[in-house]
Amino acid sequence: MTPIIATDAATHCADWRLKIEPLNEHEETAIAAQIHHYPQPQAAAIEALKIVQQQQGWVSDGKVKAIAQRLQMSPDEVDSVATFYNKIYRQPVGTTVISICDSVSCWIMGYQGLAQAVTQELNIALGETTPDGAITLLPTPCLGACDHAPVAMVDDQLTRQLTPASLILLVRRAQEQSS
Amino acid sequence: MTNIQTINQPLSQHIKADGSVTTLAEYQSNYGYQGLTKALSMSPSEVVDWVKNANLRGRGGAGFSAGLKWSFVPPLEKLPGQRYVICNADEMEPGTFKDRWLMEHDPHQLIEGLAIAAYAVQADTAFIFLRADYDLCAERLQHAIDEAHAAGLLGDPVNESGFSLTMLLHTSAGRYICGEETALINSLEGKRAQPRFKPPFPQVSGLFGRPTVVNNTETLCNLPHILYHGIDWFANLGLGDDNGTKIYGVSGRVKTPGCWELPIGTKVADIIAMAGGMQDGVKLRGFLPGGGSTDFLTEEHLNLAMDYGTIQHAGSRMGTGTMILLDDQTCVVGMVLNLIQFFAQESCGWCTPCRNGLPFIRQILTDLEAGRGQHEDLEHLLKLCGYIGIGNTFCALAPGAAEPLQSALKYFRDDFVAHIEQACCPHGNSPKPDNGLKKEAM
Chain A
1 MTPIIATDAA
11 THCADWRLKI
21 EPLNEHEETA
31 IAAQIHHYPQ
41 PQAAAIEALK
51 IVQQQQGWVS
61 DGKVKAIAQR
71 LQMSPDEVDS
81 VATFYNKIYR
91 QPVGTTVISI
101 CDSVSCWIMG
111 YQGLAQAVTQ
121 ELNIALGETT
131 PDGAITLLPT
141 PCLGACDHAP
151 VAMVDDQLTR
161 QLTPASLILL
171 VRRAQEQSS
Chain B
1001 MTNIQTINQP
1011 LSQHIKADGS
1021 VTTLAEYQSN
1031 YGYQGLTKAL
1041 SMSPSEVVDW
1051 VKNANLRGRG
1061 GAGFSAGLKW
1071 SFVPPLEKLP
1081 GQRYVICNAD
1091 EMEPGTFKDR
1101 WLMEHDPHQL
1111 IEGLAIAAYA
1121 VQADTAFIFL
1131 RADYDLCAER
1141 LQHAIDEAHA
1151 AGLLGDPVNE
1161 SGFSLTMLLH
1171 TSAGRYICGE
1181 ETALINSLEG
1191 KRAQPRFKPP
1201 FPQVSGLFGR
1211 PTVVNNTETL
1221 CNLPHILYHG
1231 IDWFANLGLG
1241 DDNGTKIYGV
1251 SGRVKTPGCW
1261 ELPIGTKVAD
1271 IIAMAGGMQD
1281 GVKLRGFLPG
1291 GGSTDFLTEE
1301 HLNLAMDYGT
1311 IQHAGSRMGT
1321 GTMILLDDQT
1331 CVVGMVLNLI
1341 QFFAQESCGW
1351 CTPCRNGLPF
1361 IRQILTDLEA
1371 GRGQHEDLEH
1381 LLKLCGYIGI
1391 GNTFCALAPG
1401 AAEPLQSALK
1411 YFRDDFVAHI
1421 EQACCPHGNS
1431 PKPDNGLKKE
1441 AM
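Protein sequences appear in the order of chains A and B. Quick note on my numbering: the first sequence kicks off at 1 and runs consecutively. Quick note on my numbering: the second sequence kicks off at 1001 and runs consecutively.
Chain B with its partners taken away, still in its complex shape:
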């Protein structure tokens, strides 16, 4: 057995540089499926408490305690019958690619984690809701699920324990809003992926009206290790208030973009250093800490710890933990316009502030970028961020979309003003105005 102290990158320990997949035999040779065996030797409520005490927080962005989320499922004695667990593998947050990395390389880790979650809430059916474009993940996951069923690690009953579980892979047809858990449930029921009103929460009435738990891929991948190595080991992995590791990612104009498993609470600057720093001749101006729906932070925040509390205190969110960097050669207005275009297109169209507000913002930003902006547009944009903010919309899509915009207006206001005063994009995304008076004589 591997020395427990040396395992400080549990989630990525099987990931090989050549991109090949971890086989069932390889996975099992290194305590694979023993976390599940351990869970099956405990009572379901003991597993819930174990994970609650480990303080495993949701890695999909919200950071809600996974064990606490499970504990809202009514006990089987009170509410007998069918219940479900779902893995949210609909990774579509702009700039996010961590779940793909985990699923492509080590599918059994996710399957084991999902099986543990199923046992904890006494579900007999588990779905993996995979985004449409992850074809390689789909192929490798389906193969691994079949392998696990054939080896008696899933099915009826699992490991001769009396607990039975069927695991099914559902590939989506592509829509960002499917990542919202109630929209995901509607999608799994074959409907348009519109979020549902809460309450009732899915833990009470979810898929087909039955108790349902939805967890993110990375969250589930932590479970086998927490069960096998214990709570103290997990707590010692984190650097700050949070426990465990985090898959951090960096994209943008860096030397070696990628993702890495590091202690949760690693400094922002250290994560960027993993990516080899900025490309030559390019200067960092700011970053979105955890995907397209988080507020910009700037150079002054580089020494902050990337954990839920610290980043929130700085005015943003850790989100998915995959950073997108803004450099001095990229137009911030254009970047925000690109993000707003994404959210406007991916809005499900259910509530007015999101359906109409986002295209409205997109129009103003398009005008600014094209050199047709007015000074009052900036106040107007800020007002619109409020109108589509938390409390005014049905779900978190539009408030998330407002985050990069409102923070760009705060930190990079001069860039917006330059677009208005020069009547063009200073980065050349729109042509300079043909002003004959200022032209020098040939």
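Isolated chain A, as found in the complex:
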């Protein structure tokens, strides 16, 4: 699978000739509510991307086009925003996203051991998704939980004081849930 780390996003080139994927009713309503907070519709761009991602799991080229149309922006403008931020996925991710903090306090407290154990367990590199689409592994900058280092997020749940063994347990649980 292609890595989906933000730094690699520059090599991804969208094809705007693709068909627009219209926003569904929920996306439309939620984005409209956000636009209402700002004097300019484009200020809601990041919220719009997050709303679509919450619904679809990621943000496709067709959805970028739909957001652009809704916010009166060009698709490239929306894409430039989407590719800037770490938490917007421009490629499909697994059912569960495991973000392992790789910053300094977690690194001191054993990040390298966690990364080695989990990549061996899943047989994929950081930034990749398992072939069955169950799990995506992402290294992530400081999660602000350094008092519980080393930490990771399993989707939106923070898990603390990890050891290689406890992380592998979490991974196996996530695999079971997705199968």
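Hint data in this document are derived by calculation from the structure and do not stem from the laboratory. Beta carbons: idealized from backbone N, C-alpha and C, even for Gly. Any given hint could turn out to be false.
Claimed, not checked - Taking CB as the label site, the calculated pair distances span:
| # | chain 1 | residue 1 | chain 2 | residue 2 | range |
| --- | --- | --- | --- | --- | --- |
| 1 | B | Lys1383 | A | Gln120 | 37 to 47 Å |
| 2 | B | Glu1026 | A | Thr163 | 33 to 43 Å |
| 3 | B | Asp1124 | A | Thr29 | 20 to 30 Å |
With chain A fixed as given, assemble chain B onto it according to the hints.
For chain B alone, kept in the frame of chain A given last:
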């Protein structure tokens, strides 16, 4: 009413050991929202002066006087119309977790502080710019904002005072540079978070071109107490030149990592003692006083007071006040490489010294850590620290990134040299070279 003298940990007084959130009723039962009531009974310029005289310095790292920052907003008579206040809750400095602690446990304190700041600069809209990964904070803050609106503590008009305020929570999509205030403003406008050229400063032309004040979470959390208890009380809390308390944190190989509210100016050694000292068998070698973008200090600095002036005089910065400890079992080259990797990845890419300089440094450090270093690399690294230093870059990201590196080269040069001479990482982060000649016969 609680005796004023006994309140020496105002910001954390509601924080419970079980991690539960302070409800609106609990918050209000202990002078909650009365700081705002007091502010609303004063004129906005009186509030600005009050906070200026309290000498509340920005807790996000720069240490700039909050009241002075507000005073640069043109008066409403001179520049009528919309203005904004923003809480910078994009806590992403490596090793920093103090704002999360405050927001998760006592969201109303932040909301009240932000409302006071809004009144002082006559803003009718306030944003909380929260980092992407703080899901629990987002949930608790949104609930508290809704509670405050419903109770008439926010909205139109606040407390029947004629002042109206709408407060909105914006959750980021994750990028360190969003913590730079002009980059944060761009991000809030739905753009890439690239810093803006200054001047104009945000107080004159910020969000959507309107006067805007951006304050750190902890700074804002101080306001209700300063308004309610007064300037003298606040001044008496500090131990040295600075006023108030500080949320200090410790992470690394200590027994009980965490954060604590202590008088500002508490000694470094006393803060580390709060964390139970080093783990057994581990020796302290140095520390980054306030996050990943501050210079290393060493054992000789343990008796220094953690305040802005003292730490700066010692050659570092108090920064966020959350220390990261370097111990004798951690490779300092690897630690600096980890920090540089963070800053290289999080660079917005706008200016060349940062975009290209940081990956260049990362490459040299990677080679050193892998045992491929040369002696001239060390001079080269020092030169690069200068090239990405203050004055050569568009914002403070790259100069901040240079701080741990330049100080590591100063205090731990022998560690770098050992990597070169032994052609590997002595801490085992890279394999020892396979040198057949020195191998003993089996």
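Evaluation of the provided hints:
About 40 Å separates the C-beta atoms of Lys1383 of chain B and Gln120 of chain A, a value consistent with the hinted range of 37 to 47 Å. For Glu1026 of chain B and Thr163 of chain A, the Cβ-Cβ distance of about 36 Å falls inside the hinted range of 33 to 43 Å, so the restraint holds. Taken as a hint, the range 20 to 30 Å holds for the pair Asp1124 of chain B and Thr29 of chain A, whose Cβ atoms sit roughly 26 Å apart.
Figure legend: structure checked against the earlier numbered hints; every hint is met.
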